[in-house]
Amino acid sequence: MDKIKLATVWLAGCSGCHMSFLDLDEWLIELVQWAEIVYSPVGSDRKDYPENVDVCLVEGGVANEDNKTMILNVRQRSKILISFGDCAVTANVPGMRNMLEGSEPVLRRGYSELADNTAQVPDEPGIVPRLLDQVLPVHQVVAVDIFMPGCPPSADRIKATIEPLFRGDRPQMVGRDMIKFG
Amino acid sequence: MSVRTLTIDGVDVAIAADQTILQAARSAGIPIPTLCHLDGVSEVAACRLCLVEITGMQKLVPACVTRVAEGMEVQTQTPKLQDYRRMVVELLFSEGNHVCAICVANGNCDLQDAAIEVGMDHTRFPYQFPDRPVDISHPQFGMDHNRCILCTRCVRVCDEIEGAHVWDVAQRGANCYIVSGMNQPWGAVSACTSCGKCVDACPTGAIFRKGETTGEKERDRAKLNFLVTAREKKEWTR
Numbered sequence: 001m002d003k004i005k006l007a008t009v010w011l012a013g014c015s016g017c018h019m020s021f022l023d024l025d026e027w028l029i030e031l032v033q034w035a036e037i038v039y040s041p042v043g044s045d046r047k048d049y050p051e052n053v054d055v056c057l058v059e060g061g062v063a064n065e066d067n068k069t070m071i072l073n074v075r076q077r078s079k080i081l082i083s084f085g086d087c088a089v090t091a092n093v094p095g096m097r098n099m100l101e102g103s104e105p106v107l108r109r110g111y112s113e114l115a116d117n118t119a120q121v122p123d124e125p126g127i128v129p130r131l132l133d134q135v136l137p138v139h140q141v142v143a144v145d146i147f148m149p150g151c152p153p154s155a156d157r158i159k160a161t162i163e164p165l166f167r168g169d170r171p172q173m174v175g176r177d178m179i180k181f182g
Numbered sequence: 183m184s185v186r187t188l189t190i191d192g193v194d195v196a197i198a199a200d201q202t203i204l205q206a207a208r209s210a211g212i213p214i215p216t217l218c219h220l221d222g223v224s225e226v227a228a229c230r231l232c233l234v235e236i237t238g239m240q241k242l243v244p245a246c247v248t249r250v251a252e253g254m255e256v257q258t259q260t261p262k263l264q265d266y267r268r269m270v271v272e273l274l275f276s277e278g279n280h281v282c283a284i285c286v287a288n289g290n291c292d293l294q295d296a297a298i299e300v301g302m303d304h305t306r307f308p309y310q311f312p313d314r315p316v317d318i319s320h321p322q323f324g325m326d327h328n329r330c331i332l333c334t335r336c337v338r339v340c341d342e343i344e345g346a347h348v349w350d351v352a353q354r355g356a357n358c359y360i361v362s363g364m365n366q367p368w369g370a371v372s373a374c375t376s377c378g379k380c381v382d383a384c385p386t387g388a389i390f391r392k393g394e395t396t397g398e399k400e401r402d403r404a405k406l407n408f409l410v411t412a413r414e415k416k417e418w419t420r
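Taken in order, these protein sequences are the chains called A and B. Quick note: the first sequence, position 165, residue 165 per the working numbering, numbers continuous. Numbering-wise, the working numbering comes out as the position in the second sequence, counting from 1, plus 182.
Please note: incorrect hints may appear among the correct ones.
As the list claims (entries may be wrong) - Rough simulated footprint, nothing fancy, chain B against chain A, three-plus residues with beta-carbon under 8 Å:
1. 66-77
2. 86-99
3. 144-154
Unchecked claim - DSBU-like, lysine-lysine: derived pairs with alpha carbons at most 35 Å apart:
4. A:Lys5 x A:Lys68
5. A:Lys68 x A:Lys159
6. B:Lys241 x A:Lys79
7. B:Lys241 x A:Lys159
8. A:Lys68 x A:Lys47
9. B:Lys241 x B:Lys262
Said to hold, decoys possible - Chain B side only, calculated, beta carbon under 8 Å to chain A, not exhaustive:
10. Tyr309
11. Ser319
12. Gln322
Please keep in mind that the hints were generated in silico from the structure rather than gathered at the bench. Predicted, not measured: the structure shown is a model, and the values here were computed from it. Think of the CB as a built atom: it goes at the ideal place given N, C-alpha and C, for glycine as much as any other residue.
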């Protein structure tokens, strides 16, 4: 049987979900018997998101233009898209900037009002991606197939979510072990 | 004492005539999820989580304020009810700013538990990200309106058990918020006895003890029950 093509993507999150993914420890060795890691900030050197991905774990909300371009690409090229962790599912901590209503007040607050010296709002089109007005949960931008809450989801929860997919099954996202937020 | 007999999810239940469907269900060990209900204080049917279906009635009724009746057939877990309950919890999450990861009540929160109970893995409604204040003017406690679900447990526990009536609800509809005193900072309200019953009653991390950080909020719900029993039945030891 062909190996499943597995990708992991890191948008507006703290990378904690990916650290939790690495907490799978020795099961990662088993994982690569089932899956080929085709794209991942912690498991692959590839810079561009490949075609025909079977399963993609998406950490983080959609906060800037780069995130948005990326997630549209990911959706187009992946069969099963998993919102991976609270930032992807709810916008979570990055989403707290939404209460300031718009990207301009956020940048002003962060780079001007709170600056000790050389206050300057970064503006380098093509280098620094423009912030979106709001940080959005992934499912408000593209369709999501499976939601895996948690900040971060534990390694056990990650395993219980992706393991059934290797057998062609769907995980049961119910109960405290699988869907507790936070 | 007259007794009523009814069925809840097909189970025969006999209970005193002045009891509610919620009390009948709990006496029979049938779980109905609740959020605004708090043992020891009056019912307000604010959260709509305990809605049930009664044979012969078109509308859904809240179990916490509906009296039992003879021959009543109650359903608590139909697909329609499960769908509505999940919707209610999703709406609560999208209406406020509930960031479990950094909340004092993480792991010890009735709203978080309700989400698990109704099977909510995300909300289908767009988050509102409302701009809400935090009041830390009280020397011992804080009130974070971002985490408030307007269950009014604090209002009722302060009025009915402590007798101080520090809390109330201001405004209308989506603009509602909890006020202390005459819409003053909590610390400026002389009626507050600093008893902390509102902290114990609050289902989320909205009312908290200062100095508590993520996941550190603890509550003594048994204290509220104890006080009510003590007064009603003159049982003064715990």
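Report task. Go through the numbered hints given earlier and state which of them the structure violates, listing their numbers in rising order. Result -> 1, 6, 7, 11 and 12
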